[in-house]
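Listed below, chain by chain, are the residues.
There are 2 protein chains.
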Amino acid sequence: MTDIESLKGFYDRYPEEFAAWREVIDVVETTAAEFGFREIDTPAVERRELYEIKSGEELMDQTYSFEDKGGRAVTLTPEQTPTRARLVQQRKDLKTPMKWYDTSKRWRYENVQKGRDREFFQTDIDVFGIESVEADAEVIAVAATIYERLGVADRVEFLINDRTLLESILSAYGIDNTEAVMGVIDDKEKLSDAEFRTELLGAGVSSDIVDNVVETTSVRGPIREEVERMAAIAPDDEDAQAAVDRMADLADALESYGVADACKLDLSIVRGLAYYTGLVFEAFDSEGELRALFGGGRYDDLVGLFGSQDVPAVGFAFGYSTTRELLKKEGEWPGEALSTDVYVAAVSDDVREAALGFASELREAGLVVETGLAGRGLGGQFGYADSINAETVLIVGQRDLENDEVTVRDMASGDEEQVPVEDVVGELV
Amino acid sequence: MTDIESLKGFYDRYPEEFAAWREVIDVVETTAAEFGFREIDTPAVERRELYEIKSGEELMDQTYSFEDKGGRAVTLTPEQTPTRARLVQQRKDLKTPMKWYDTSKRWRYENVQKGRDREFFQTDIDVFGIESVEADAEVIAVAATIYERLGVADRVEFLINDRTLLESILSAYGIDNTEAVMGVIDDKEKLSDAEFRTELLGAGVSSDIVDNVVETTSVRGPIREEVERMAAIAPDDEDAQAAVDRMADLADALESYGVADACKLDLSIVRGLAYYTGLVFEAFDSEGELRALFGGGRYDDLVGLFGSQDVPAVGFAFGYSTTRELLKKEGEWPGEALSTDVYVAAVSDDVREAALGFASELREAGLVVETGLAGRGLGGQFGYADSINAETVLIVGQRDLENDEVTVRDMASGDEEQVPVEDVVGELV
Numbered sequence: 115m116t117d118i119e120s121l122k123g124f125y126d127r128y129p130e131e132f133a134a135w136r137e138v139i140d141v142v143e144t145t146a147a148e149f150g151f152r153e154i155d156t157p158a159v160e161r162r163e164l165y166e167i168k169s170g171e172e173l174m175d176q177t178y179s180f181e182d183k184g185g186r187a188v189t190l191t192p193e194q195t196p197t198r199a200r201l202v203q204q205r206k207d208l209k210t211p212m213k214w215y216d217t218s219k220r221w222r223y224e225n226v227q228k229g230r231d232r233e234f235f236q237t238d239i240d241v242f243g244i245e246s247v248e249a250d251a252e253v254i255a256v257a258a259t260i261y262e263r264l265g266v267a268d269r270v271e272f273l274i275n276d277r278t279l280l281e282s283i284l285s286a287y288g289i290d291n292t293e294a295v296m297g298v299i300d301d302k303e304k305l306s307d308a309e310f311r312t313e314l315l316g317a318g319v320s321s322d323i324v325d326n327v328v329e330t331t332s333v334r335g336p337i338r339e340e341v342e343r344m345a346a347i348a349p350d351d352e353d354a355q356a357a358v359d360r361m362a363d364l365a366d367a368l369e370s371y372g373v374a375d376a377c378k379l380d381l382s383i384v385r386g387l388a389y390y391t392g393l394v395f396e397a398f399d400s401e402g403e404l405r406a407l408f409g410g411g412r413y414d415d416l417v418g419l420f421g422s423q424d425v426p427a428v429g430f431a432f433g434y435s436t437t438r439e440l441l442k443k444e445g446e447w448p449g450e451a452l453s454t455d456v457y458v459a460a461v462s463d464d465v466r467e468a469a470l471g472f473a474s475e476l477r478e479a480g481l482v483v484e485t486g487l488a489g490r491g492l493g494g495q496f497g498y499a500d501s502i503n504a505e506t507v508l509i510v511g512q513r514d515l516e517n518d519e520v521t522v523r524d525m526a527s528g529d530e531e532q533v534p535v536e537d538v539v540g541e542l543v
Numbered sequence: 115m116t117d118i119e120s121l122k123g124f125y126d127r128y129p130e131e132f133a134a135w136r137e138v139i140d141v142v143e144t145t146a147a148e149f150g151f152r153e154i155d156t157p158a159v160e161r162r163e164l165y166e167i168k169s170g171e172e173l174m175d176q177t178y179s180f181e182d183k184g185g186r187a188v189t190l191t192p193e194q195t196p197t198r199a200r201l202v203q204q205r206k207d208l209k210t211p212m213k214w215y216d217t218s219k220r221w222r223y224e225n226v227q228k229g230r231d232r233e234f235f236q237t238d239i240d241v242f243g244i245e246s247v248e249a250d251a252e253v254i255a256v257a258a259t260i261y262e263r264l265g266v267a268d269r270v271e272f273l274i275n276d277r278t279l280l281e282s283i284l285s286a287y288g289i290d291n292t293e294a295v296m297g298v299i300d301d302k303e304k305l306s307d308a309e310f311r312t313e314l315l316g317a318g319v320s321s322d323i324v325d326n327v328v329e330t331t332s333v334r335g336p337i338r339e340e341v342e343r344m345a346a347i348a349p350d351d352e353d354a355q356a357a358v359d360r361m362a363d364l365a366d367a368l369e370s371y372g373v374a375d376a377c378k379l380d381l382s383i384v385r386g387l388a389y390y391t392g393l394v395f396e397a398f399d400s401e402g403e404l405r406a407l408f409g410g411g412r413y414d415d416l417v418g419l420f421g422s423q424d425v426p427a428v429g430f431a432f433g434y435s436t437t438r439e440l441l442k443k444e445g446e447w448p449g450e451a452l453s454t455d456v457y458v459a460a461v462s463d464d465v466r467e468a469a470l471g472f473a474s475e476l477r478e479a480g481l482v483v484e485t486g487l488a489g490r491g492l493g494g495q496f497g498y499a500d501s502i503n504a505e506t507v508l509i510v511g512q513r514d515l516e517n518d519e520v521t522v523r524d525m526a527s528g529d530e531e532q533v534p535v536e537d538v539v540g541e542l543v
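Those protein sequence lines, which keep their order, are chains D and Z.
The first sequence finishes on residue 543 if you use the numbering used here, and the numbering steps up by one all the way, no holes.
The second sequence finishes on residue 543 if you use the numbering used here, and the numbering steps up by one all the way, no holes.
Derived from the structure by calculation, the hints contain no laboratory data.
Just so you know, not all the hints are guaranteed correct.
Each pair may be met inside one copy or between any two copies, as identical chains are not told apart.
What the hints assert, rightly or not - DSSO-like mimics (lysine-lysine), calculated; alpha carbons at most 27 Å apart, straight line: (1) K442 <-> K219; (2) K122 <-> K206; (3) K183 <-> K168; (4) K183 <-> K228; (5) K228 <-> K443; (6) K168 <-> K443; (7) K443 <-> K122.
As the structure is a computational prediction, the values presented were derived from the model and not from experiment.
Please model the complete structure; the sequences and the hints are all you need to start from.
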């Protein structure tokens, strides 16, 4: 006799809870599929060196890494991007764009806290092989459509930036070590205004420019409006104007998708330095009460690290944790309850075969149907039917059958009616 | 520049291949769901001790086991039964029957060969908490329905036995060390007739009984027919008759489900000694060319090993490997090709916004829709539409739009027609 628990940060999801998860995952996957993203399936375990290519020691320390029985250093996938890069590199014959999605688990050995588990679901959605602004707009449109379908579109906003735009503006201000300065901007949220200015000066921004940088990185507003303002105030420099033009094209495309209202240009969004090359975006609860829902962007240089081919890419990884908090808060997390179309109750053993026959027919018609497996009396069967939220109970009794009838009970109202045997499927589908 | 490969026995499934896999997995899951089985989600990593409870050293040697950063001995799930037992034990409040399914990956460090991978999908389908023959019949009916829907029902047969029936018959022959004899019977397939007889004698079967045992374990035929024969010839012993009666009830139930024709009683099916307590079954390609498709049975004593509660159980784990071979052989493996409802082609940049608007509307209506992301000309767009197997291309051009029209091209026939803008969605859904 033992009672072994699951590992910390790993979850057991029983049917009622997982039915809700599945509904949300389905929305994410169906939306990706309708935009023409295609499902792939990739290993949960990879050679450790695949992650060493782009991850620092800190991240590697958070992985589940071990030596397999063949002496290989292997790692449970902490994220899917390196795997995708490997897949893209392996198949130089694939037509572009490659638009891929996949929902699977990832593992990271982190301190377990609210919204941070050691095993978690993620849906990765990426476009590979296309540099265009249309691809950028498409991934944001997918994300926005997901929140629309989850019923919280009016509670989610996308903060959007283009790192080349920010960099062009900084360059045009005469800043040459833009990378160091962008590093400071990436930290802006954590700093007071005074600290931010001090850090900027420390990164080599000359004092007559600091105000400009503070002002630039304070830009946050409706994308169309802010892009127009940028077009007017951005430095008269080729790179800066090209970047503004691209952002204007993005605003156009987001409007065509009908999602521009949820999008704000925010010039302080950088999302770290290691990874993204152009567009960056983060989805937020618009009341600002929760951590970021997720982030993404364009990473044109990353795939090239994993093989001989340079392949532009844009995408995001949808984690479920903060979104789940938001949905619960808004009452939009799916009800945690089982659903069952029909429970077929046999009144006595003599009619059990007939009952199973009805159940088979109803399943053929696509319904979720349970039958009695436990030899319970009718009262017990109603209790069980209730516990699985059966909408209808089909009562199969000897006397009814002799009249070529069965009884159909609506579980919500308690109403019962006799239905001719040949009409049962038509009645219940 | 690097080119790192996936690990041996682990697979990269690109969209076309995985679309076929997904179709088959969907059939398995939908069938389970229609029978009222509910989806659960469980950890991919468990404490190693969970597997030590019932697995021998040989099986543990085939696991991916390691120490996590917290010093815990952990294992990647090689099968889901121990986890399910843990879940059942944790929740004494759950109503019976608990009917669970789950499709996820399992990992075993085995020699990689045809049909034996180190990472593989499995769908577990189990009924917990019910001892009845109806539950036994239900899991076989689920399995049979899966093969029906996969289009190979006439190529699959289920070899069914009840270990208590076999044991009763052996006991009634006066054999008292039935376990040792059943061990020999479990090996029968690998032995010649002479070897089998020698082993039986070695296991203590007296020489005047050997013929009976050979005859009994040669029984294989349509379940109804063989059960009737058993009823006539089985020893006049209470246990034996009770076991025959239960098998007769199973035959009744399988007939009600309409799956009895695919079921044979085969008294030599034992499926090892460690695990099963009553019903055992194996699904086979009826031409006998392939290894077993999968096996399952009743295991009433297993869950009790994992906690303080004894819980009867019956079920099976659907592996995909042999079934995939069978489906390929029969031409029933789903075509490995992408499918796309509509590709929306923009003739020029000016109409791109309109094109994206049509795409959004069509997706709202549930279609899989791609649009041009690459700034290709119309010819290039047709080529891409063709590569993703688009059924229809919606051509959005400036002149058409001025007439409130678009052009709809059927990709199979090449036919084109002008459609009023307001009819587009109705026309294509």
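Results of checking the hints against the structure:
1. K442 <-> K219: within (22 Å within a copy, 29 Å between copies)
2. K122 <-> K206: For K122 and K206, the Cα distance is within 27 Å only across copies (21 Å; inside one copy 41 Å).
3. K183 <-> K168: both (26 Å within a copy, 22 Å between copies)
4. K183 <-> K228: Intra 35 Å, inter 20 Å, cutoff 27 Å: inter-copy only.
5. K228 <-> K443: within (15 Å within a copy, 50 Å between copies)
6. K168 <-> K443: For K168 and K443, the Cα distance exceeds 27 Å both inside one copy (37 Å) and across copies (43 Å).
7. K443 <-> K122: within (25 Å within a copy, 45 Å between copies)
Checked against the numbered hints given earlier, this structure breaks only hint 6.
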